[in-house]
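2 protein chains.
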Amino acid sequence: MAYNTQNLVGTGCYERDGGLSGFGREIVAEMNRVGMMCDLSHVGLKTSEEVILESKKPVCYSHCLPLGLKDHPRNKSDEELKFIADHGGFIGVTMFAPFLKNGINSTIEDYVEAIEYIINIVGEDCVGIGTDFTQGHDQAFFDWLTHDKGYARELTQFGKIVNPEGIRTVGEFPNLTEALLRRGWREEKVRKVMGGNWVNILKEVWGE
Amino acid sequence: MAYNTQNLVGTGCYERDGGLSGFGREIVAEMNRVGMMCDLSHVGLKTSEEVILESKKPVCYSHCLPLGLKDHPRNKSDEELKFIADHGGFIGVTMFAPFLKNGINSTIEDYVEAIEYIINIVGEDCVGIGTDFTQGHDQAFFDWLTHDKGYARELTQFGKIVNPEGIRTVGEFPNLTEALLRRGWREEKVRKVMGGNWVNILKEVWGE
Chain A
1 MAYNTQNLVG TGCYERDGGL SGFGREIVAE MNRVGMMCDL SHVGLKTSEE VILESKKPVC
61 YSHCLPLGLK DHPRNKSDEE LKFIADHGGF IGVTMFAPFL KNGINSTIED YVEAIEYIIN
121 IVGEDCVGIG TDFTQGHDQA FFDWLTHDKG YARELTQFGK IVNPEGIRTV GEFPNLTEAL
181 LRRGWREEKV RKVMGGNWVN ILKEVWGE
Chain B
1 MAYNTQNLVG TGCYERDGGL SGFGREIVAE MNRVGMMCDL SHVGLKTSEE VILESKKPVC
61 YSHCLPLGLK DHPRNKSDEE LKFIADHGGF IGVTMFAPFL KNGINSTIED YVEAIEYIIN
121 IVGEDCVGIG TDFTQGHDQA FFDWLTHDKG YARELTQFGK IVNPEGIRTV GEFPNLTEAL
181 LRRGWREEKV RKVMGGNWVN ILKEVWGE
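Chains as they are written, first to last, in my numbering: chain A, 1 to 208; chain B, 1 to 208.
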């Protein structure tokens with residue numbers, strides 16, 4: 001609904017957040033009508049809360065990590081995670097290393113810890129994978145991402161960006177399934193988090 | 001800086017106002033640099049206050065009327081008028097009838113009353129004419145103006161729009177000079193409000 005900063009709809013997570021605009025409320029209604037999911041990953045706390053309350057269909061943080069493991073304005077607090085889940089929303093867990101507890105030194109185990117942290121708060125039915133993979137993108141791409149509107153002030157400095165060890169590339173995805181099984185998860189839970197939950201929620205939003 | 005509702009810079013006067021955005025602060029700095037005046041006529045209270053404080057050059061309400069004579073979200077309170085004047089800003093007084101005390105039945109005398117009301121608060125050196133003339137525009141133009149972004153929800157319903165009697169057209173402008181003189185204004189004051197003050201403030205902002 002907003003990417004890091006203010007737009008016509010609301011405000012992103014990197015500045016003071018005035019909430020959902022009147023135009024934004026019309027946008028939510030139209031997205032509901034056409035079956036488009038509202039994503040609050042990069043959105044501020046106040047706008048997120050108001051979109052969650054405004055939307056008649058489930059909304060999501062398509063890719064986020066818990067503030068409880070790493071204090072970062074892009075991460076979501078326990079209260080935010082609970083609030084979206086309590087209102088029928090969905091959480092995709094990102095593996096973007098700078099937002100993980102061990103930053104750029106994170107491994108696939110740190111990622112699994114984050115997934116488990118969120119499941120402990122919201123249960124296993126509204127959580128999925130939200131990689132935020134940027135494999136193959138160059139420095140110009142990241143320069144664009146880290147500046148407001150692609151060219152204005154710099155919002156973040158991530159330094160080196162690399163995925164957690166064990167899941168550095170899309171091709172290593174099977175390692176994640178193995179890591180979850182190794183953690184003692186039963187197969188049904190692995191299936192749900194690896195994709196089943198996303199399919200269910202998207203059916204609900206998109207229609208079958 | 002914003003037209004009635006939220007944009008990338010701030011918020012307009014017809015909805016909840018989250019204030020000046022980070023990008024908006026960059027816009028103010030760039031407008032200051034190139035010599036473009038920040039206009040707050042259609043801007044919300046909070047964004048206006050923050051632009052007034054942020055700008056290193058004088059800003060203006062290029063066309064507004066006092067809330068003290070007619071309660072309307074587009075009109076400015078005594079405190080707002082004083083605040084912009086105290087910070088070196090400027091006030092152009094509009095003759096848009098729906099915002100005048102007597103609405104569509106207003107005359108040129110109602111307009112002069114509004115000018116005098118504002119001068120009583122801020123003095124005679126930072127006030128000018130800000131007509132908001134829409135002479136010759138058709139219904140499609142007003143439909144665009146009264147909807148958010150020209151096509152979204154309707155924000156205002158003005159009904160019939162006609163200028164105050166005595167200054168219905170640009171050609172009747174000399175009537176205004178006469179009305180001010182008839183009110184007992186000395187010639188210097190008339191000259192300042194009829195244009196001299198605008199020339200001075202624009203010299204300051206644009207450079208000579």
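For the record, the hints were derived by calculation from the structure and aren't laboratory data. Treat the hints with caution; some may be incorrect.
Any copy will do: because identical chains look the same in the list, a pair fits if it lies in one copy or spans two.
[Unchecked claim] DSSO-like cross-link-like pairs, simulated, lysine-lysine; straight-line CA separation at most 27 Å: (1) 149 x 82; (2) 160 x 82; (3) 70 x 57; (4) 46 x 149; (5) 149 x 56; (6) 203 x 82; (7) 56 x 70; (8) 189 x 160; (9) 192 x 149; (10) 56 x 160; (11) 101 x 57; (12) 189 x 46; (13) 203 x 70.
Since we're looking at a predicted model, the values are computed, not measured.
**Asked** What label fits residue 203 with residue 82 when the C-alpha limit is 27 Å: within, between, both, or neither?
**Response** So residue 203 and residue 82 pass the 27 Å test inside one copy only (22 Å; across, 56 Å).
Practice problem: Can you give me the call for residue 46 and residue 149, within, between, both or neither, at a CA distance of at most 27 Å? | Solution: For residue 46 and residue 149, both the intra-copy (21 Å) and inter-copy (23 Å) Cα distances are at most 27 Å.
**Prompt:** Which holds for residue 56 with residue 70 at a C-alpha limit of 27 Å: within a copy, between copies, both or neither?
**Reply:** neither (31 Å within a copy, 39 Å between copies)
request  = Go through the copies and call it for residue 101 and residue 57: within, between, both or neither, with a Cα cutoff of 27 Å.
outcome  = neither (32 Å within a copy, 45 Å between copies)
query = With identical chains treated as interchangeable, where does the CA-CA distance between residue 149 and residue 56 reach 27 Å or less: within a copy, between copies, both, or neither?
reply = between (29 Å within a copy, 24 Å between copies)
Is it within, between, both or neither when you check residue 203 against residue 70 at 27 Å Cα-Cα?
Intra 32 Å, inter 52 Å, cutoff 27 Å: neither.
Q: Have a look at residue 70 and residue 57 and pick one of within, between, both or neither, based on CA distance no larger than 27 Å.
A: neither (30 Å within a copy, 42 Å between copies)
### Message
If the cut is 27 Å between Cα atoms, do residue 160 and residue 82 qualify within a copy, between copies, both or neither?
### Response
neither (32 Å within a copy, 51 Å between copies)
Which holds for residue 149 with residue 82 at a C-alpha limit of 27 Å: within a copy, between copies, both or neither?
Neither way: residue 149 and residue 82 sit 30 Å apart in one copy and 35 Å across, limit 27 Å.
At most 27 Å between CA atoms: does that hold for residue 192 and residue 149 within a copy, between copies, both, or neither? Answer is neither; intra-copy 36 Å and inter-copy 42 Å both fail.
Exercise for the section: Go through the copies and call it for residue 56 and residue 160: within, between, both or neither, with a Cα cutoff of 27 Å. Expected result: Result: close neither inside a copy nor across copies, 40 Å intra and 38 Å inter.
Notebook entry, point to check: Between the shortest in-copy and the shortest cross-copy C-alpha distance, which are at most 27 Å for residue 189 and residue 160: within, between, both, or neither?
Noted result: The answer is neither: 33 Å in one copy and 64 Å across copies each exceed 27 Å.
Checked against the numbered hints listed earlier, the structure breaks hints 1, 2, 3, 7, 8, 9, 10, 11, 12, 13; every other hint is satisfied.
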